[in-house]
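Chemist: What follows is each chain in one-letter form.
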Amino acid sequence: MSGDVLLRVEGLTRRFDISKPWLNRVVERAQKQYLTANADVSFEIRRGETFALVGESGSGKSTIAKMIVGLLEPSAGRIHFDGHEMDFASGAEMRKLRRRFQMIFQDPFASLNPRWRVGDIIAEPIHTFGLLKGAEVTREVGRLLDLVGLSSADAGKFPHEFSGGQRQRIAIARALSSKPEFIVCDEPTSALDVSVQAQILNLMRDLQDEFGLTYLLISHDLSVVRHMSNRIGVLYLGRLVEVAEARALFTDPQHPYTRMLLDAVPDLALSGRRRRPVTGEIPNPIDPPPGCAFHPRCPLVMDVCRQTLPQPRATASGHASCHAVAAQDALSVD
Amino acid sequence: MTPLLSVRDLIVEFPTRRGTLRALDRVSFDIAEGEVLGMVGESGAGKSLTGAAIIGLLEPPGRIAGGEIWLRGARIDNLPREKMRRIRGRRIGMVFQDPLTSLNPLYTVAQQLIETIRTHMDVSEREARARAVGLLDRVGIPAAARRIDDYPHHFSGGMRQRVVIALALAAEPELVIADEPTTALDVSVQAQIIDVLKEICAERGASVMLITHDMGVIAETADRVAVLYAGRLAEIGPVRDVIQAAEHPYTAGLMGSIPTLTQEAARLTQIPGSMPRLNAIPQGCAFNPRCPRVFDQCRTARPELVARAGARQVACWLYEKEAQNVG
Amino acid sequence: MTDFTPEDRPNAFARAWDSDIAWSFRHSPLAIVAAAVSLLIIAAAIFAPWLAPHDPFNPASLNLMDGFTPPMQPNQFTGNVYWLGTDNQGRDVFSTILYGARISLFVGFMAVLFAMVLGITLGLIAGYRGGWIDSLLMRIADVQLTFPAILLALLIFGVARGFIPPSMRDAMAIWVLIVAIGLSEWVNYARVVRGAAMVEKSKEYVQAARVIGVHPARILIRHILPNVMGPVLVIATIGLALAIIAEATLSFLGVGVPSTQPSLGTLIRIGQGFLFSGEWWILLFPSLTLLALALSVNLLGDWLRDALNPRLR
Ligand SMILES: Nc1ncnc2c1ncn2[C@@H]1O[C@H](COP(=O)(O)OP(=O)(O)OP(=O)(O)O)[C@@H](O)[C@H]1O
Ligand SMILES: Nc1ncnc2c1ncn2[C@@H]1O[C@H](COP(=O)(O)OP(=O)(O)O)[C@@H](O)[C@H]1O
Ligand code: SF4
Ligand code: SF4
Ligand SMILES: [Mg+2]
Ligand SMILES: [Mg+2]
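Protein chains in written order, with my numbering: chain A, 85 to 418; chain B, -1 to 325; chain C, 5 to 317.
Derived by calculation from the structure, the hints in this document are not laboratory data.
Treat the hints with care, as some may be off.
Here are the simulated EDC-like pairs of lysine to aspartate or glutamate, each with C-alpha atoms no more than 20 angstroms apart in a straight line [claimed, not checked]:
(1) K196(B) to D135(B)
(2) K205(C) to D347(A)
(3) K196(B) to D347(A)
(4) K205(C) to D204(A)
Take a look, some chain A residues computed to stay more than 10 angstroms from chain B by CB distance [claimed, not checked]:
(5) T97
(6) D101
(7) V110
(8) A176
(9) E177
(10) H211
(11) P396
(12) S401
The structure displayed is predicted, hence computed values, not measured ones.
C-beta: ideal position from N, C-alpha, C; glycine also.
Just chain A, same shape as in the assembly:
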């Protein structure tokens, strides 16, 4: 499974201009204001694996996803897909690449055009890439509906006739219709009930096995991530603070924020594990704390953390950006 790299992201950064309109700025003598949604994010996704990004609301998960599929332009950084640098401005070259990746969205009620029939929705990528024609399209749509557990007769219905879980199946069928290798899934089950979530997660796994798909899975739910992914990246205020193999991350988290996230997961096993109460809330991303952005909430905070941004240090199966991790390393070397 640890095959070649399918997607490589280097130094991805995205700033949003959130200044007031020009006139207001002049009148109020306000400065231009920027919000850094992502800063210097780098990771690799290997062919056939599921790489997960976790983080709380506003940590920049969706922004990364949107930059990768070309919905947002990066302010800095590069994205390589199967060795090709993605340049969304170039038409013909990009068209070929575009067919090979797809996206599944969070809200199954907003992700399907309410005025289109399900068949037309699923066929849109087929038409856009000119993959099939005429009756073949109808047959292919029927096959895709079967594949995701619906029936080919559903092609003639409108989205409002389906439940949330069924709509998410339709969205998956649409994503599969261009026969992609890589699918970005932004919170694909957060809007669903657990019993429906189980169906969708199982379906995603089955499809991955059948077609050798590679997933970038975005979620704030650690249990889902644990269940689905091979490797995991943890985001805090737009920066990747830790990357590790899934098992290692859960058994031996390195970064204090990762540990805190794990502690916050309610204990369904009723093991009586007393959770360490997490303190504080995510700071305002417009004006993040200097040094390590996590320092106001960190139980291990040191003086250096307040001034210097920690650099990524290699860990057993990935890396973590934390002065305390580095210090530990130094200790253990001694």
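Model the placement of chains B and C with the ligands on the given structure of chain A, informed by the hints.
Modeler: Using the frame of chain A, we list chains B and C with the ligands on its own:
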């Protein structure tokens, strides 16, 4: 001892142009003094409606079409609007999913807290303010004495929900109904809020009805849990029993479908299909088209809640059959 | 596009009959009456050449002796009876109303169409593109909204006539009127469409189309346009009533269609001259028709707005 709250055969209906939809169908449960009752179910199962019916805030055209609700031995489902308004806030406090809907953006937190305290209790302005500061401090607002004069939008989402909890508890109610109090919050903040809610209610002896779709929250917080499916109670009992040894096939399926941090399974247990819409609830047991253990009787007659060992009740023919065999 | 319309489902009519809109219509007596009145007047206008007992524009068929015949009474000279009487030139008032409504409705529909096409196009571009295009269009809209529409139409009408050679003025008048009214109304469509387009473009179905590289123009027309048509329809209906009244006002002021082709507004202007000399019917009947038409169309628009707004249901 009479329970604090007793709901008997509650029926809630929505008349629509295509016929009347029955959103809650003969729901019965009790909440004991000082108890935390969790209410779980998929979206649309009727959790919020149960809460709304109890506090008399059903949105028209929804209406209580049958059953009774008793608070400390007195019926409250047929009270005139004015009397019900006095019970809300004073005897039953409320915490909703979105903190912004429970706070008035035009008034400071102090004004809202003091007003609530003074409407329901006979205390002076100064006393009320002192109480308000104490409450805010208790729910974990740092520098409460200073921040009490801020407006709601000055607080972050988690802090706002703390304020809402303080507001719900301001008049020292006997029961707090919390509808998805943490769903809109960040993961790391959810646990803080649940902790605060639980501790402060325990301190003041208030019972809690905790509505959520998150089994993990229930597991950590509730004493007993009620599982709703398609407007009917499937199972109700002590949290540990229900979570670790669910008896109703739906509860069992639900528990199996939740991924956990500790177990590594290739596939999750999956209940086929989805919860029926209100206009298409199947005959007999509402769960029968999806049930792995369905048998003939399930398709014709609806199973009633039957008492099981350990204060548990289950609505499933499997157990009624057992009871008959024994009896 | 492949056709996914299934055969085994209820036909379009059955589905339309069963829809929420149709249900709301069937349960709103006011809407039914309003629709009946509008349809009656529209049908009468369309079929005027067949329905009208006289051709008021054929000078050969006119008899000045018939002038000023009161409604339902025989003319004192000719003994002819007219339902709604005749005007000073002996034209049958009922027939002039049918032809007048024809002109009024034609101008109204065309003006709405013009305003709609212009407003939707600019609104879609502004809403989807955002940025300076959006700012520019919306500032123009703001400025335009500070003038009463009728004043603006008057202005546009005046300016346009200045450019048209006098020999063509009468022939062009009706088109100039349409453009003038249309230009004074486009802002309503543009603003609503812009708002709706901004909401729709951030929805995930639009993002899904962008991910696979669907051309923006196609996204606008195939994805967003169908989803913003609801409010547009409401404005268009109310806009029709406004346009008819605007036309009537302009014609009443004497700057609209020439009197050789009288619209309802022209008829009212003519009739107004006879009010104090006792020939009230020349004014009353065209006025009542205009009132019934504008009111019923407007009521229909109000009903449509409520029916399409799920929160009011
Ligand atoms: N178009 C935008 N303009 C300004 N700020 C934005 C924009 N999009 C995102 N942001 C900001 O960037 C940060 C990261 O947003 P992003 O949507 O990527 O978060 P997320 O991790 O996906 O959160 P969630 O779990 O809520 O989906 C947030 O602070 C957000 O407010
Ligand atoms: N105003 C309404 N009109 C019709 N049906 C409603 C209305 N409000 C709620 N319902 C229905 O009642 C059922 C229960 O709703 P609710 O209690 O909100 O569910 P939840 O368990 O998610 O809180 C759902 O099927 C819902 O569609
Ligand atoms: S760098 Fe310092 S403040 Fe940041 S996580 Fe590590 S120890 Fe905590
Ligand atoms: S009553 Fe029958 S169908 Fe319903 S849960 Fe029990 S076994 Fe399953
Ligand atoms: Mg997101
Ligand atoms: Mg609810």
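Chemist: Decide, holds or violated, for the assertion that all CB atoms of chain B are farther than 10 angstroms from the CB of E177(A).
Modeler: Per Cβ check, E177(A) is outside 10 angstroms of chain B; nearest 39 angstroms; holds.
Chemist: Are the Cα positions of K205(C) and D347(A) separated by 20 angstroms at most?
Modeler: It is violated: about 38 angstroms lies between the C-alpha atoms, which goes past 20 angstroms.
Chemist: Is the Cβ of T97(A) more than 10 angstroms away from each Cβ in chain B?
Modeler: holds, 23 angstroms
Chemist: Mind verifying the non-interface call on A176(A)? Its CB should be farther than 10 angstroms from each CB in chain B.
Modeler: Given a closest Cβ separation of 41 angstroms, the condition holds.
Chemist: Is the nearest Cβ of chain B still more than 10 angstroms from the Cβ of D101(A)?
Modeler: D101(A) clear of chain B: closest Cβ-Cβ about 23 angstroms, beyond 10 angstroms.
Chemist: Any Cβ of chain B at or closer than 10 angstroms to P396(A), or is the non-interface label fine?
Modeler: holds, 22 angstroms
Chemist: Holds or violated: K196(B) and D135(B), Cα atoms, limit 20 angstroms.
Modeler: Status holds; Cα separation ~16 angstroms.
Chemist: Can the restraint linking K196(B) and D347(A) be considered satisfied, given a maximum Cα separation of 20 angstroms?
Modeler: Roughly 18 angstroms separates the two Cα atoms, so the pair holds.
Chemist: With the threshold set at 20 angstroms, check whether the alpha-carbon distance from K205(C) to D204(A) stays at or below it.
Modeler: Roughly 19 angstroms separates the two Cα atoms, so the pair holds.
Chemist: Taking the shortest Cβ-to-Cβ distance between V110(A) and chain B, state whether it exceeds 10 angstroms.
Modeler: holds, 26 angstroms
Chemist: Would you check whether the claim that S401(A) is not at the interface survives, using Cβ distances to chain B and the 10 angstroms cut-off?
Modeler: holds, 16 angstroms
Chemist: Checking the smallest CB distance to chain B, is H211(A) really beyond 10 angstroms?
Modeler: H211(A) is indeed farther than 10 angstroms from all Cβ atoms of chain B, at 30 angstroms.
When each numbered hint is compared with the structure, a violation occurs for hint 2 only.
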